[in-house]
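Visitor: Chains as they are written, first to last, in the numbering used here: chain A, 1 to 337; chain B, 1 to 337; chain C, 1 to 337; chain D, 1 to 337.
Watch out, some of these pointers could steer you wrong.
Same chains, same names: a pair is fine if it fits in one copy or spans any two.
[Claimed, not checked] List of simulated lysine to any residue pairs, SDA-like, C-alpha gap at most 25 Å:
no., residue 1, residue 2
1, Lys335, Ala76
2, Lys90, Asn23
3, Lys335, Gln199
4, Lys38, Val325
5, Lys90, Asn27
6, Lys335, Thr198
7, Lys90, Pro26
8, Lys111, Ser101
9, Lys90, Gln292
10, Lys335, Asn260
No wet-lab data here; the hints were simulated from the structure.
Protein chains: 4
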Amino acid sequence: MTVRVAVIGCGVMGADHARVIANETPNAVLQLVCDPDKARMQDVADACGALHGLTDAAAVAGRADVDAVLIASPDATHADLALDAIHHRKPSLVEKPLAPSPSDILPLLSKENDLGHRLISVGFMRRYDPSYRAMRLAVSEERIGAPLVFHSVHRNVAVPEWFDGPMAITNSASHDLDIARFLLGVEMVQVSAIATRTQAQHSTCPPVMLTLVSEAGQIVTIEVHVAAQYGYDVRGELVGTTGTVELTEPRHMVTNSALNRSGAYAPDWRPRFAEAYRLQNAAWVAGVIAGQPDPVAASAWDGYVCGKIAETAVAALRSGTCHPVALMDAASIYKAK
Amino acid sequence: MTVRVAVIGCGVMGADHARVIANETPNAVLQLVCDPDKARMQDVADACGALHGLTDAAAVAGRADVDAVLIASPDATHADLALDAIHHRKPSLVEKPLAPSPSDILPLLSKENDLGHRLISVGFMRRYDPSYRAMRLAVSEERIGAPLVFHSVHRNVAVPEWFDGPMAITNSASHDLDIARFLLGVEMVQVSAIATRTQAQHSTCPPVMLTLVSEAGQIVTIEVHVAAQYGYDVRGELVGTTGTVELTEPRHMVTNSALNRSGAYAPDWRPRFAEAYRLQNAAWVAGVIAGQPDPVAASAWDGYVCGKIAETAVAALRSGTCHPVALMDAASIYKAK
Amino acid sequence: MTVRVAVIGCGVMGADHARVIANETPNAVLQLVCDPDKARMQDVADACGALHGLTDAAAVAGRADVDAVLIASPDATHADLALDAIHHRKPSLVEKPLAPSPSDILPLLSKENDLGHRLISVGFMRRYDPSYRAMRLAVSEERIGAPLVFHSVHRNVAVPEWFDGPMAITNSASHDLDIARFLLGVEMVQVSAIATRTQAQHSTCPPVMLTLVSEAGQIVTIEVHVAAQYGYDVRGELVGTTGTVELTEPRHMVTNSALNRSGAYAPDWRPRFAEAYRLQNAAWVAGVIAGQPDPVAASAWDGYVCGKIAETAVAALRSGTCHPVALMDAASIYKAK
Amino acid sequence: MTVRVAVIGCGVMGADHARVIANETPNAVLQLVCDPDKARMQDVADACGALHGLTDAAAVAGRADVDAVLIASPDATHADLALDAIHHRKPSLVEKPLAPSPSDILPLLSKENDLGHRLISVGFMRRYDPSYRAMRLAVSEERIGAPLVFHSVHRNVAVPEWFDGPMAITNSASHDLDIARFLLGVEMVQVSAIATRTQAQHSTCPPVMLTLVSEAGQIVTIEVHVAAQYGYDVRGELVGTTGTVELTEPRHMVTNSALNRSGAYAPDWRPRFAEAYRLQNAAWVAGVIAGQPDPVAASAWDGYVCGKIAETAVAALRSGTCHPVALMDAASIYKAK
């Protein structure tokens, strides 16, 4: 069976997804790409050999020649498009965040629960990164004892002037929040946040430190530094009672030159997580064929929880105090997971 | 277009190729698997969802439902099966060595030359490994000046008792010979070889050192140590006039435990070169669709040259002196490359 | 000139200091060692070739044949012995903490201020570690822009059962507090602290996370994990506006064996900081000869400040809230520094 | 006891030795420095606080106020000065090579043998480098099984125009030859050599590859590349039957900046081997006090052997064939070692 995939959104993320679906995903065909900007849409369609091109996202999910929808449009449109896909009983893979505000995710949870099964996957692709997979395996094989602390560092080269600390939490740190939950297998119950306030950085977004406590009493620290300048750099270490595991940078070459031994950083997340995106999309397509989402994939519930923790972290950053994370009860279909 | 691939040989290599074609190669379908051992064949067919299973390799290339043949049968059968594929005008990807003796490759060269185009690719998959690709790019971008020396280290965990130094050269070091040529872009003109002769290793194959000189006066050193015990480990460094580039081990995780900081070695080549095999097979399938072999792939000529150098190195190991590498003239279709 | 050094205390630290003074410190002679436990004292005296051995610490500083006193006795005795050394106008190098409680340090500050110059150095030896020195130089050479965040990780193999979170802060994290101040060149104004509360670790001291804010608005994070089991491991990264610097583990060898590539961790701090101790003691002796303390060395004031921050961090750990660090005004002799 | 050391030669090496003796060597005093260039001599004397300064090297060893002589004058003068030191029964530490030609070392061997004990140590300081010491310990503790192969890489940034391949062997690779013998504990019996002959490097000294065979049948490879441009870089790996050990670069800091993660190379050998020189000189002084050379130090015999292997390697480089190493029989005092 071949899955006919529609990719909605032809920006940076959408174009990359279209390319991955077209060239690197077994058993998938890039049925159509869609973007209100026709020129941009056509460029991606041509580059990836999409069979069709549309400008109206509302017309996608209902098409008979589309089996599954990959939503990479602007954040504010995610929830409605995912709802539309559910309406047509089409599985969707939605870029994070599932919605700008966690409250906007509630209708999706309710709809899936009514339906009795999950159709939405959220693009927390780190779950497919071989390093995190190896770390998770190390935990389950008890190679580091019981997990105590998870440290995550998330650095981007640069952000626009208007990007601020709260956005760094909701848009960037959400990946770290999800992977912390994925690795530890428990929820977060408390969060505090602090940003640097030095003169040096006036025109850029300051680094933010989040400190979270899990329901099992573990600590998670996240440094999210979106204007780190030196390179795209993601680090993680899981500290257990008897040892630790750390992810490595997937670097293929070292250069000795000009009195330095050096390895390159990517300027953005795409090279770093290229394999994660490829594996995520392949697992998603395999799940579509199998009739149920890949168990590793983040669900709409995961999207809601990460949104809620991020929202709480922003409040904690503003108040300067520690905040409890208040989640609603998970509907039964999410508990089964 | 979808390429219907037949995989001949269901041993370790064939089973892995069948899996890659079935699960990781876009635009390919695993049309059939073939092995004289019916049980083994059926296992691979079932595991990979092959549409058909055969026990007679001679019946494969001629089938109308087969577009391309992947030959991973015993070494001695490679050349005949490749010839059969040429006879039926089917592209083939042949595991190395293309033939146990380089003289057995001459008919293939002659046949392809008569035909006027290449149909055979040889499975020197390192050419697709991201580390070697990055090294090659570094050379073409002149980041290390002009190449002077290439060091290659090739270590396996263990080999059977009957494996000896000459076999280490012909069966293992051939990868290093090909990648040296690929990186430097020139031929080797001279080779010497020496093996350790210590008491310690009586029951295992000793490490062998090859020293080659290229037609451009560069030096290539290869340590091939097939009973290294500690892990599967391949290293490479290209030394240029202004700097060097080294490949790294693609390791996803570091573990801190029991007074050690450590990274795991794979027990064999499959995890180390998993991505190379995947990319090689995808490029091969793309070449079948395009109607001409991927330019990166090793040709029958490359298979002949590596066989010839290896044969010369074995003679040098036996004589203890330096031997010139005597290649026949390349037919025109191989010069075009 | 040769400095005649008396080492007070013949426990683990004292014995090591005696060895360093006797064998690795130019222009120093190990004049005497002192410990109330005569057998232990005699062992160290013999092992290091001390000229004299005493059991009464009160008799040391006043001796005419002692030029300088190295105090490595139990923590509770440090302040009195340092006071005694001041009384006899002898320079002292005092192991940290200078006193168990910062209030006990006030008389020392007052005494030195009355005297008009500093006699006490505190053994925050990390200031002499080549890695931290290189990091500090990188800051002053503006290789990472303006410092924003300092991350410190401090892990020991094990501690006795009665060692708890507050002790981890006062006895272990004090090194991290001092080095953070040394690298950033500013004081800390605020601290919060949190420890894990998992079931897994009941019988060992849990990891503690400190988050501090400097008067310049920078953030310092310290993980102090004294029962990390896997090895003695100290890490540090200084994040600036344009890049970061990280200290490395000073490891001399890598071993490839048994499917692992590994580097050893020391079981305790002595091998890791052997060079720091050697350089610290040499600089201290050079300062004695020069008549004024080495400018890199921590002063009694630094000892007081680190004690005060640690005390505040313990209170923050207990309250679960963020605490301001309330320092007294520095006397003029400490401002000059 | 304090050893009064005279340093002969105030060039780069001599100045460094004078500094180490004056500032970093316990139980030593820099009694005098000597150089025919008076200004240069005075500079070093002043910088290091030497008690005396001389211009006539012949007058040094006989002085009553000199206990031991460190010879760092031009290579051609080493043997005569060492002979003079023997004449006055003074221990000497002689920079390598002990003489430009191994035949010039024969009188020294004969003299020491007549005397019945060794007075000369040769400055093969790598024997004191912590990495090589750790490798040697790993061998004796049988952590890698029986040694089979030793790989050494020796790269300098640059050499003068007139420096050629033979000089790279005699002046630079002699360190690698000595350390190979030190690690393996056996002599070399055979050597071949080859240099690159590419157009790219016309004005610089080409990399030279040496391949040696030990009397135990082990293989030693040495790449000596004195115009490597990118940095001073020394590598070593000892391959045993069950694993390998590799020395690491003693790097204190990593910098993340400008899309690179990098560690610095030193421009020359002094930072890389600073600790080796310090430990060597301290052990030499301790040996002077003890009345017999430190057992780790290279003897005049070691100096002769390394000279002889280098001489043979130069002949092999010229002939393009493999040469046997023909050593004289060691006198009895060298066998005892």
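Visitor: Which hint numbers doesn't this structure obey?
Guide: 1, 4, 10
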